[in-house]
Amino acid sequence: METFRILIVDDEDDFREAIMKRLRARKMEVAGANSGPKALEMLDTEEFDVVVLDVKMPGMDGIETLRAIKQKKPLVEVIMLTGHASVESGIQGMQLGAFDYVMKPVALDDLMDKLRQAYERRVLQLEYGRKNL
Amino acid sequence: MVDEKYRRFWWQITLTKLLFSLLPLGLLVVVLYNHFSEAYTSKVLEALRTLAINRQGALDLFLEERIAQLVTLANTNTLAQLTDEDYLNRVFNIVQSASRSYIDLGIIDEHGDHLAYVGPYYNILKGVNYRNEPWFDAVLNSGVHVSDVFLGFRKVPHFIIAVLVREKQRSWILRATIDSNVLENIVQAAHIGKSGDAYLVNRDNLLQTKPRFGGNLLERPPGPDFSATVGLRVEEITAGADPALFAAIQIRTKRWVLVIREDPREPLAPLLRTKYLLGLLTLLGLSLIVIGSVYTTKKVLDRLILSDLEKAKNDEVLLHESKMAALGKLAAGVAHEINNPLAVISEEAGWMKDLLQEDDVQASPHLQEFQESIKKIEYHANRVKKVTHRLLGFARRMEPTMEKVMINAVLEECVGFLENEARYRNITIEKKLADDLPTIASDPSQLQQVFLNILNNAIDAIGKDGTITLKTFPEPEGDKVVVQIADTGPGIPKELLPKIFDPFFTTKEVGKGTGLGLSISHSIVEKLGGSMSVDSEPGHGTTFTIALPIKG
Chain A
4 METFRILIVD DEDDFREAIM KRLRARKMEV AGANSGPKAL EMLDTEEFDV VVLDVKMPGM
64 DGIETLRAIK QKKPLVEVIM LTGHASVESG IQGMQLGAFD YVMKPVALDD LMDKLRQAYE
124 RRVLQLEYGR KNL
Chain B
882 MVDEKYRRFW WQITLTKLLF SLLPLGLLVV VLYNHFSEAY TSKVLEALRT LAINRQGALD
942 LFLEERIAQL VTLANTNTLA QLTDEDYLNR VFNIVQSASR SYIDLGIIDE HGDHLAYVGP
1002 YYNILKGVNY RNEPWFDAVL NSGVHVSDVF LGFRKVPHFI IAVLVREKQR SWILRATIDS
1062 NVLENIVQAA HIGKSGDAYL VNRDNLLQTK PRFGGNLLER PPGPDFSATV GLRVEEITAG
1122 ADPALFAAIQ IRTKRWVLVI REDPREPLAP LLRTKYLLGL LTLLGLSLIV IGSVYTTKKV
1182 LDRLILSDLE KAKNDEVLLH ESKMAALGKL AAGVAHEINN PLAVISEEAG WMKDLLQEDD
1242 VQASPHLQEF QESIKKIEYH ANRVKKVTHR LLGFARRMEP TMEKVMINAV LEECVGFLEN
1302 EARYRNITIE KKLADDLPTI ASDPSQLQQV FLNILNNAID AIGKDGTITL KTFPEPEGDK
1362 VVVQIADTGP GIPKELLPKI FDPFFTTKEV GKGTGLGLSI SHSIVEKLGG SMSVDSEPGH
1422 GTTFTIALPI KG
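Keeping their order, the protein sequence lines are chains A and B. Numbered per the numbering used here, the first sequence spans residues 4 to 136. Numbered per the numbering used here, the second sequence spans residues 882 to 1433.
Heads up, some of the hints might be wrong.
[To be verified] For lysine-lysine, the following DSS-like pairs were computed, each having C-alpha atoms within a straight-line distance of at most 25 Å:
1) K1352(B) <-> K1285(B)
2) K1267(B) <-> K1234(B)
3) K1036(B) <-> K1007(B)
4) K1312(B) <-> K1352(B)
5) K41(A) <-> K59(A)
6) K1192(B) <-> K24(A)
7) K59(A) <-> K1312(B)
8) K1234(B) <-> K30(A)
9) K134(A) <-> K76(A)
10) K30(A) <-> K1192(B)
11) K24(A) <-> K1408(B)
12) K117(A) <-> K1234(B)
13) K59(A) <-> K1256(B)
14) K886(B) <-> K1352(B)
15) K1192(B) <-> K1285(B)
16) K1375(B) <-> K24(A)
17) K898(B) <-> K886(B)
18) K117(A) <-> K73(A)
19) K117(A) <-> K1267(B)
20) K1256(B) <-> K1210(B)
In short, the hints are calculated from the structure, not lab data. Predicted model only: the values in this text are computed from it and were never measured.
Take these sequences, add in the hints, and give me the full structure.
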């Protein structure tokens, strides 16, 4: 399986760092952003395949960030990270084009599965897009 | 306390109503009675007055006739003729034939000597000299004299009319004795009714005729002193226990007073009857008003209590809902605050677990310890996660929704909340849940509230050592699912059973229960289209049965 680039967006530094460490240990290319604007900035300069986006963030929240990402790079897959109480926002996110949502605290294996599925979809869509061009 | 408030209200309304309806009634009765009484009494007094005048006329007529007869007799005959006793006898017979009121006739000279006499007492009276009799001087002075009744020489009550005739050189007197009975007959014709009376008194207040009741001739009359009456007097005098109406009128021809006494109870009997009738009608009206007012007040009060209860129920449901919403927010906040550090803990533990795969750590003599430690961290983080997710689920479900609900799952969740509490109190929770229960369309969080409330009550009712049995089964008819929650507590007394769904009804100590739980549960179940009932017997525990429609 080829490696793909992942961007973790979460305001909780410890959580973000831990996830990043663990994904790196699984040979993933991972970067982190502590806020929505920061993430958008990074998307401008770097290429990412999948974004893991926390719903609840101070300032620009996950849903707003999702809208901005989809506007900028519609083919970047986004996985929403939500608390149980915001299943609705997870679902809302999916309606706005997110690939799926996972609930905190998350089992890493589940997250890995979802990341892979998201990447597969991105690959398919990229191919489809190239064919149609 | 609530009852006290309503009782006071009851009294206020009832008393006000009574006051405003009884006051006019009482006024009406008093005014009506007074008017009627006045009119009727004056009518009775008027009748009495007329009677008195009428009798006075009769008496005067009688006396005037006698006087006129005697004056005529004296002046149309000479003394010589009249002293002839045969002649006098003939004259006596003629006057007597017209009126049987004379007893005798006598001619007396100016010295009082009896010159001639006709009558039944010839032997007694013939030789009598009248010079010292009181009437003798009176007749000499006034020419005509009517005496009071007196006993005279014969000791028989009578009165006399004497007429003085003056001739050139001498004067003589024609004297006639009149039977008192005649007067009595005229007077007695005046009395009315069974106890009425009539009599004559002279100016010394001595009886001139015999009254029907009490008193003899020439004695004091059995009533007040009217001897000084001039003209006509009518009045009501109450002597002793018996009230009496008196009419007194002076006779024109003689200083006598005719007294007529009437018992007012006789002529006024119709008035008395009216009084009783009026009293009876008033009493009837009174009781009708009282009954009516009590009845309408009760109606109003029942209505009020009902609407108060309804209002309290609605208020409490609203309050409860807002309370639950606030609680939901709080729960969500707390859960989130715990969730975030928990996520970090989980991830860090996961990272440590990852690191355990590294060769250097694998070589560590404490590898086993590390592994176990991390496993425990993960296990307990997972426990906390369950709790926070439950809290978040609780918070999320505060708004009413309709979704597919598996009743058994909701019950299991509720039991999960209370398991520890039950275990501490040594209460077994037995579950007899039907496997083939259909999912229903309902609001799981509201149902959870209801079940939690009943389960809490069951635990409180049991206190220590007992069993709570949960049972679910589809209703035989097929369109409902039934949940039964039974406890082995002390049960509910029969008289309290109908009240347990009322707001503010509680058997718990002051401050322990609001008395709203079951009331709210009841309204929630009804809102969800289901029904809730209770079955209890003191000593045999309590069973709540909730039937919920499969289609919401």
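Verification of the supplied hints:
1. K1352(B) <-> K1285(B): 20 Å, holds
2. K1267(B) <-> K1234(B): Given that 25 Å is the threshold and the Cα spacing comes to 21 Å, the pair holds.
3. K1036(B) <-> K1007(B): Satisfied, since the Cα-Cα distance of roughly 16 Å is no more than 25 Å.
4. K1312(B) <-> K1352(B): With Cα atoms ~6 Å apart, K1312(B) and K1352(B) stay inside 25 Å; holds.
5. K41(A) <-> K59(A): Given that 25 Å is the threshold and the Cα spacing comes to 15 Å, the pair holds.
6. K1192(B) <-> K24(A): 60 Å, violated
7. K59(A) <-> K1312(B): 40 Å, violated
8. K1234(B) <-> K30(A): Judged against 25 Å, a Cα distance of about 16 Å means the pair holds.
9. K134(A) <-> K76(A): 19 Å, holds
10. K30(A) <-> K1192(B): Violated, at about 66 Å.
11. K24(A) <-> K1408(B): 52 Å, violated
12. K117(A) <-> K1234(B): Measuring from Cα to Cα gives roughly 21 Å; hence the hint holds.
13. K59(A) <-> K1256(B): 29 Å, violated
14. K886(B) <-> K1352(B): 43 Å, violated
15. K1192(B) <-> K1285(B): Since the Cα atoms of K1192(B) and K1285(B) sit roughly 32 Å apart, the hinted pair is violated (cutoff 25 Å).
16. K1375(B) <-> K24(A): 68 Å, violated
17. K898(B) <-> K886(B): 18 Å, holds
18. K117(A) <-> K73(A): Distance ~19 Å between K117(A) and K73(A) Cα, so the pair holds.
19. K117(A) <-> K1267(B): 22 Å, holds
20. K1256(B) <-> K1210(B): 33 Å, violated
Against the hints set out earlier in the document, violations occur for numbers 6, 7, 10, 11, 13, 14, 15, 16 and 20.
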